[in-house]
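Respectively, the protein sequence lines represent chains A and B.
Be aware that the first sequence starts at 1, since it is given in my numbering, and climbs by one per residue.
Be aware that the second sequence starts at 235, since it is given in my numbering, and climbs by one per residue.
Calculated directly from the structure, the hints in this document are not laboratory data.
Quick caveat, the model's predicted, so the values are computed rather than measured.
Some hints here could point you the wrong way.
Unchecked claim - Pair ranges (Cβ atoms, derived): (1) B:579 with A:75: 25 to 33 Å; (2) A:134 with B:369: 28 to 36 Å; (3) B:566 with A:147: 34 to 42 Å; (4) A:24 with B:402: 52 to 60 Å; (5) B:571 with A:131: 52 to 60 Å.
Just so you know, even glycine gets a beta-carbon here, dropped at the ideal spot from N, CA and C.
Here is how the chains run, residue by residue.
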Amino acid sequence: MSVILVFLLVIAGFAGWWLSHQRLMTKPWLEQGLASDLVGFDRSTLPTAKIGLGVFLAVVGCLFALFTSAYFMRMAVSDWQPLPLPRLLWLNTGVLVLSSVALQCAVVAARKRQIDMVRLGLATAGLTALAFLIGQLIAWRQLTEDGYLLSSNPANSFFYLITGMHGLHILGGLVGLGRTTAGAWNGARPERLRLSVELCAMYWHFLLFVWLAIFALLAGWAATFIDICRQLLT
Amino acid sequence: MVDITPADGIPPAEVAEMELYHPHSWWTKYVFSQDAKVIAIQYSATATGIGLVALVLSWLMRLQLGFPGTFDFITPEAYYQFITMHGMIMVIYLLTALFLGGFGNYLIPLMVGARDMVFPYVNMLSYWIYLLAVLVLVSSFFAPGGPTGAGWTLYPPQAIMSGTPGGQDWGIILMLSSLILFIIGFTMGGLNYVVTVLQGRTRGMTMMRLPLTVWGIFTATVMALLAFPALFVASVMMLLDRVLGTSFFMPAISEMGEQLPHNGGSPILFQHLFWFFGHPEVYIVALPAFGIVSDLISTHARKNIFGYRMMVWAIVGIGALSFVVWAHHMYVSGMHPYFGFFFATTTLIIAIPTAIKVYNWVLTLWRGDIHLTIPMLFALAFIVTFVNGGLTGLFLGNVVVDVPLSDTMFVVAHFHMVMGVAPILVVFGAIYHWYPKATGRMLNETLGRFHFWVTFLGAYLIFFPMHYLGLMGVPRRYAELTDMTVMTESAHHLNSFISIMAFIVGFAQMVFLFNLIWSIRHGREAGGNPWRATTLEWQTPQTPPAHGNFGKDLPIVYRWAYDYSVPGAKEDFIPQNMPGSFGPSREPA
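All chains should be modelled from the sequences, with the hints used to inform the complete structure.
Structure follows, in C-alpha cells:
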C-alpha cells in the first residue's frame, strides 16, 4: 500500500499548501465587516472548471495509484510470471505523445486566436488518440494470440486491467474532445473555446503521464527502481 | 454600541454570476432537475426508501436471533443475505448518500451563499447514477439465488464461492456492479460539493467564516473522493475474479472436491483495499455529523461555538489521520505484531482530535441558554452516544483486546453505537432543524418528542445489552445460536428483549415518516427563520428557497456563523449578512 500512501502524501501536500493560505490562525469571532484584506483569500482566480478538472484528476490519480499498489502486492506471490510487452507499445506511446503535443499546439493557437490552427490541433489530437486506442487493441490481440490470456497469470490480468482502465479514460476524454472540436467548427466564443481546449490539454497531459507511469510499471522498470530505492534506504 | 454601515456603499459582488439553468417544463423542474435543492430531496427520498428496506432486513434478523427456530422462512442462507444487504445499504446507500448527496446538496450552496452547485448538470447525473445503483442493488433481491450473503465486507474467497448465497449466482455480480455505479455517481456529486465550497462562496465568506456543517461535509467529501477509488479497484478486481476467472484475490482452492481455476491470489490484498476505503468511510459519515451537530448545539444553546478554529483543525486532522488506521480492522488476519502495534497507535491518536470536539461541544453548552427543542435533544443524544461508542472503540483499537472480542457481538454493538445510532441521531436532528426551511412548515412537536425518546432510549436498550452479550462470548455472524454453551437461558432472554426493542424503535420511525408527510400540509407555518439562526440559508427571501436561492443579489457576508447572544446587539443573533459591528470589546470593521 506504499504507493497509494505516497500519492496521498502528495495530495496532502497540496491540501496543506492550500490550507496554509486560508488563514487558519485567524480569530473569525473578532473580525467583522468586509475588511479589504479578506478579498484576496476568498477564492482562486483560476476558472472553476479547471479546478473541477484538477480535483477529478486527483481522483483518477488515486485510482491508478491503488492499482499500482495492488500490482506490487500481488507481484510478491510466487506464481507471478511477467509477460513480454509487445513492441507495438512503444509505437503507441509515441502516438500518445504526439496527441498531447498536438493539443498543446491547439492551446497555443487558441491563446493567439488562430482558429484554423486550433481546429488542426484538435483534429490531430483526436485522430492520434483514436490511433492509440486501436494500437492498444492490436497489442491486446497480439498477446492473446501468443497465449497470454487474461486469466492465465496475474501479470497478464493486471496488464489487461490497467491498460483497459487507462483506455477507458482516454475514451471518456475523447467525448470531451469531440464536444470541443464541434465547438471549434461551429464558432464557439473564443474565450470559451480556449478554456475547453485548455481543459482537454490538461486531461491529455495527465493521461500521458499516467500512461508513462503504468508503462514503466508493466515493463518492470518501476519494480527495479523501487528495489534500488529500497537498497539505498537500507 | 451599534454601528451599522449602510449596505449601499459596498461594491458589487466579485463572484461572477453563474449562468443558471432555467427549467422550462415540469420534467426539468422536478424530475430531471439541475437545482441542487431538488436533487437533495431526490437523494434523501431514495436513501430513505432503500433505508426502509434495510430496516425491515434488520427486523428479520432480530426475529431469527430473538426467537430462533420459530420462523421457517429464515434459513441460514437468508439470514446471511439479510446481514449483508442490511450492512451495505445502511453504510453506503443510506448514510453516505444522505449526508453528502442529501444534506450536502441542500446545504452547501445555501450556506456558502451560492445560487447553485458549480456544475449543475453533472450534479443531476450524479443522482440518476445513484438511483441506478440502488435499482441494481434492489434487483439482486429478485435475481436467481437472491442477493449476496457474503457479509457487508464481501471477503474473498468465500464471497464468490458456491457455498455463499449469491456467490455463484447473480447476487455478488449485481452487488459489485451496484457499488461501481455508486462510486461513479458519487464522484460526480463529490466534485460538485468540493468545488462549490472552493469557488462558489459569496463575497466575504472566507473559509474561516464557513459554518462547521460545511467544513464537515467538505472534508468528508474530499476523503470520500480519495477513499472510494479503493472500493472501486477492489470491486472491479473481484468482478473479474468472479466472471472471467482471474486470480487477483482467489487462492488455489477446491470446492466439493473440485479444483477451482484460481491460483495464488491474495485475500489479504482485498482486505487492505476494502479497509483502505472502509475506515475513512466511518469518518465520511461521522464528519458531516460532527459539523451539523456543532451548528445545532450553537443555534439551540444561543451561544457561539466554543473553539471554532480548533473545531476546524480537528475536522481536518481527523480526515487526514483516518487514512492511516485501516489495518485495525485486520488484527485477526495474522498480521505482523509490529504492524498491529503501529495501527493501534494511529488509531488511538485519532481519539485526541475527536475528544477536542467533544469537549468543545460540552463547553459550548456550558452556561448557554439551552432550548430543549427537538434538534437540540437529538444533538445532546448524539454527544452521549458518540462518547459511549468511542469508549468501546478504545477497547477494540488495542490488538490484545480486539483479538478475543473481534468475532463477538461486542463489535456489532460498538459500531452500531458509533457509526449507526450516533450519525442517525444527527440525521434526525438535522431533519427537524432544516425541515422548516425545505418545506416552510414545522414538524409536529408531540410526534417529534415521542420519536426522539423512543428512538434514543430504545437504541440504548438494543445496543447496551449487546455489549454484555459480546463480553460473554456470544459470536456474531451466526444464524443459529441455540446449542452453544455461551448461550445461557438469560442470554436467550436478553436476545429476545433486544429483538422486541428493535421492533419498537422501528415502529417509532414509522411515526417519524408519518410526521414528515403529514407536516408538509398540516404543520405549523414556520416563517423564514424559526430558530433565529445566523447562517445564510435562513436569510433567503423565500421559504422554501426559490430557484437561484437568493433573489436578485447574492448576500454579502460580514461575520462568522456564530454571532449568538452578542452583548450590545438588538437581538440574540446576528445574521452573517448583517453589516456593522457590535459589542464593547470589538474593533469597528
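Original post:
If you check each hint against the structure, which ones fail?
Top reply: No hint contradicted; all consistent.
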